[in-house]
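Novice: If you want the building blocks of each chain, they are given just below.
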Amino acid sequence: MPDPAVDLSGVHVRFNDRTILQDCNLRLGAGLIHGIVGSGGSGRSTLLKVIGTVIPADAGRVTILGHDIDQCGGDVLASIRSRIGFQFQNLALFDSFDVIDNVLFAVTGGDPDGAEVADRERAVELLDSVGLGDFLHRHAGQLSGGMQRRLAIARAFAPRQAMLHIFDDPVAGLDPVTSSRILGLIASRCRSGTGTTAVISTHEIDALLAICDLVHVIHQGSIIFSGTPAQAVGNRQEVVARLFRDPVLHRG
Amino acid sequence: MNRRVNEIGLLIQAIVAMTRRPPPLRRIVREVFSCGNRSIVFVCVTMAFFGMILVYEGCMQALALIPDLSSAGPATIRSTIRVFGPLMAGLMVSFRVGAGIAAEAGTMVVTEQDGALLVSGSSPAEWLVAPRLVACIIAVPALTVVGCLAGILAGGALGVGWFGIHPSDFFSLSMVDRGDAAVCAAKSLLNGMAIPVFAAAAGLNTRGGSEGVGVAATSAVVRSCVAVAVIEFLVSTVARVAGA
Amino acid sequence: MAASDAEAIAIDIQDVGRSFGSQRVLDRVSTRFMTGRATFVVGPSGCGKSLLMKMLVGLETPDSGRILVFGKHVATMNAAELNGLRRRVAFVPQHPALFDSLTVGANIALPLVFHRIQDEAAARSTAVRLLSLFNLADRADLLPGQINQSDRKIVSILRSMACGPECLVLDEPTTGLDSPSRDAVFSMIREIGMVDSGIETLIVVSHDMQSTMAIADRIVFLYKGVVRHDTSPAGFLTATATDPIAAQFLAGAADGPMNTEADEA
Amino acid sequence: MGLTSNAATTVLETTGAMAVTSWTALTALVRGRAGRRQALRQIAIVSVDSLPVLVLISLLSGFVMVLESASYVESLGAFSLMGWAFGLVTLSQLGPVLVALMFAARAGARTTAELGAMAVTGQLDALRLLGIDPVGYLAAPRFLAMIVMLPLMTALCDAIAIGAGAVGAAVVVGLGPALFLQSIAQGGLMDEFLLGIARTFLFGGAIAAVSCTFGFRVRGGAAGAGRAVNDCVVVSALAVFVIDLIFTIAVL
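Chains as they are written, first to last, in the numbering used here: chain A, 1 to 252; chain B, 1001 to 1244; chain C, 2001 to 2265; chain D, 3001 to 3252.
Simulated from the structure, these hints should not be mistaken for laboratory data.
Check each hint, because a few of them may be wrong.
Claimed, not checked - Think about it this way: if two alpha-carbon atoms lie no more than 25 Å apart in a straight line, the pair counts; the simulated SDA-like pairs of lysine to any residue are: (1) C/K2072 to D/G3220; (2) C/K2054 to D/I3045; (3) C/K2072 to C/R2190; (4) C/K2054 to A/Q148; (5) C/K2224 to C/R2028; (6) C/K2054 to A/G173; (7) C/K2054 to D/R3128; (8) C/K2054 to C/D2217; (9) C/K2054 to D/G3220; (10) C/K2054 to C/R2190; (11) C/K2224 to C/M2034; (12) C/K2054 to D/G3131; (13) C/K2224 to A/R245; (14) C/K2224 to A/G184; (15) C/K2224 to C/L2059.
Assemble the whole structure, with the sequences as input and the hints as a guide.
Specialist: Next comes the structure, spelled out in structure tokens:
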């Protein structure tokens, strides 16, 4: 088995005296699609941000793509970050930029003015694949909600040497049909990739079960379950059972 | 993001980022224009009003004591250059630009764009602070000079037109020396350095969603105003000790 | 919700249309919301459901057509009439904001006190009574920030019910909630008609087809600016046999003939 | 042309909106619709919030005035006039104007931020949907608090600045505090003080009108709230200077 893409051990994160993550242990195998499930306030988004190196851990060890985040210097950290694509829960688009610059920013590692022809081609190809090819020069703030979401997903796939894609609630508040389509888009791109790892969190349990290799349940700041979708549905732990209870019923 | 940013740390980060990858000239020019454009009319208008108030009040008081207004102009010019110009221009730029920088930084924080900057390989210090730091160090002294001119001209117009002071008496630099210019330059340069850093730090420390952005903008204005007042005090003290 | 025999038209929507720029969001929408019924309005994201709901209480106005609420034309009302309307028709927006400086109890009591319907003590006991209907009486003295998301949702609904409206309009009450919280909110919605709340007409915008099928008396399916189906849950199920779009929406399937907002250009 | 007429429209529109807000708030005050508890709470908030920065600015500006006039006083030997000149500038102009500017930056901006937050989080709509007029309910107590508290704080800050001036004069030019204060007391500056305070009632009203109006008009999420705070302090500052000049010319 290759080195895991993400290895958290004993991670704690506090915010304003409140403990968000508590002794959180998680290994995400490389090349797989991982689902993260947890109820509101369980620390899901914080966990994803720790994985994405957006938030440092207060205690514990965070190893991302083979590097211990605490031990590595600014340059190494920058190179790790340039291999991570992150879709934030509220999208976090640069709304004063146009569509292509949002993607170029991620492709070039923060230097859209220095983008080369190859970078541009990559960005255009990505935007075409999510159906935004005709809107390259529209400002991100002027797109409709659905298009903004697709732009955020394109940006998460953008980094040149991307090894890790993180999606935080990519389908929140969407109708069921649109949700399935967006999750399908993510899954197909991840599957077609070259051994990249994907992490997806969502409340849409059955869609998640359909596309993930492994699911992990977070509860009160720790991972309490990791396993295949089939194991998750069969699990008798109360919290897990409540989250996965009767997934068929949650279908319309 | 969860970690508090402090002003000194942010200043250092911005300088480090600048040495690693200097902000493109285009962005600096754009920020100078945006800072100048946003503030120039506002600074001129408020300084003009303030100059008129100074001259009106000064002349009325002087007339009550001694019917001689010959020193009204030079005294106004000196105090405008040394004290009121840098102070008022600094406060007005804090109002006009400080809140704006904090609002932009705060909006980026609540919409998690600061995190998006990080994972894209840039940073708030590099993207937000560095170009504005350079821009304000250029723009604030320039605005201070223009503001002083506006105040002196408006005050002079009132002194000449209303109180009948001869223009050559009013617009006389007899009381101004090199030390005054140095004090003005020092105050405005330091203001230009402090305002963007204090404002951006307030913005990057935004907490608690959209309601946090307004609070951050407020604290940016207050903190950068206090910074301006402290700079005023420090430079005046140093100048006094150095005899300038 | 128990349907009475002598049901009346609470809200009558007649040929309502509304455009934003070149985009025709609502084209010709006509439907009726009857008293004594729980009507669920469903449809793809961005199809104008929320917009239509806002029109019911005068927060938005149609470009064409008209909306009669209890027989009165909403678009022609003045500010005082609108205030009166909003006390009869309580609208709970998608992201209802509790007043974060007031306790949960004070939030619910506020409209009663402000409108001088009750004094502070009486309003407080009304608030506690409403909270206890949904087993939340112990939250009365907490601040909104101290209770969980689904409780906040329920409290915001209770606040809208405090002044005793006849009609309650809920705009996507479960957006952003995890599935246990969704269940809590939907079970509250189911109970509104059973407890003594005075609510006669319930209108809910929802994406949750499973709960919709279980609770609704009537389903209004909005698609491409018109009412595509206006029927009972059983009728909707029947319609899916002949209408592939309704079938796809009910199943939440990615593949199908449906256009959603994410496809619009 | 278009730009000028646009600007003129904006100015007219804003002035109109401020007039409406003020009128609604003041009638609500007169009719006693503003709860006494609300008003007291606002008074407490305004004072506690603004006092530290006002005290700091008064101290600093008191020192700076002395520092900057010292060489002048020394060269003329006009030690006996130092206190009088200081008191004159502080009481008649600098005190009221600086205090009003900082009050706008603190209490005014805070009000805009708070009302703006209520607007973007939908709390204003929630009030409207409950049939409660937000202007009467929220603006009236804030008007009262600002109109009452700004004059009081100005008086306090005058005293602090004079104290700082006395200490500064002792340290900088070795003038005894007694002489400094005596020169103020015997300078016949009561009128200046009262006129200085009188204008702060107008400043307070203007700041309340500006901050409430801009707060209520916040649109467009977080960015909008920040912009509104910006506009609030800028327009408040302009209002302070304009009112001050008109007032000065009208009464002197």
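Novice: If a hint holds in the structure, say so; if it does not, say that too.
Specialist: How the hints compare with the structure:
1. C/K2072 to D/G3220: Roughly 32 Å separates the two Cα atoms, so the pair is violated.
2. C/K2054 to D/I3045: Violated - the C-alpha atoms of D/I3045 and C/K2054 are around 35 Å apart, more than 25 Å.
3. C/K2072 to C/R2190: Violated - the C-alpha atoms of C/R2190 and C/K2072 are around 29 Å apart, more than 25 Å.
4. C/K2054 to A/Q148: holds (24 Å)
5. C/K2224 to C/R2028: holds (10 Å)
6. C/K2054 to A/G173: Roughly 18 Å between the alpha carbons, so the hint for C/K2054 and A/G173 holds.
7. C/K2054 to D/R3128: Holds: C/K2054 and D/R3128 sit about 13 Å apart, inside 25 Å.
8. C/K2054 to C/D2217: holds (22 Å)
9. C/K2054 to D/G3220: holds (18 Å)
10. C/K2054 to C/R2190: holds (23 Å)
11. C/K2224 to C/M2034: holds (24 Å)
12. C/K2054 to D/G3131: holds (15 Å)
13. C/K2224 to A/R245: violated (34 Å)
14. C/K2224 to A/G184: holds (24 Å)
15. C/K2224 to C/L2059: holds (22 Å)
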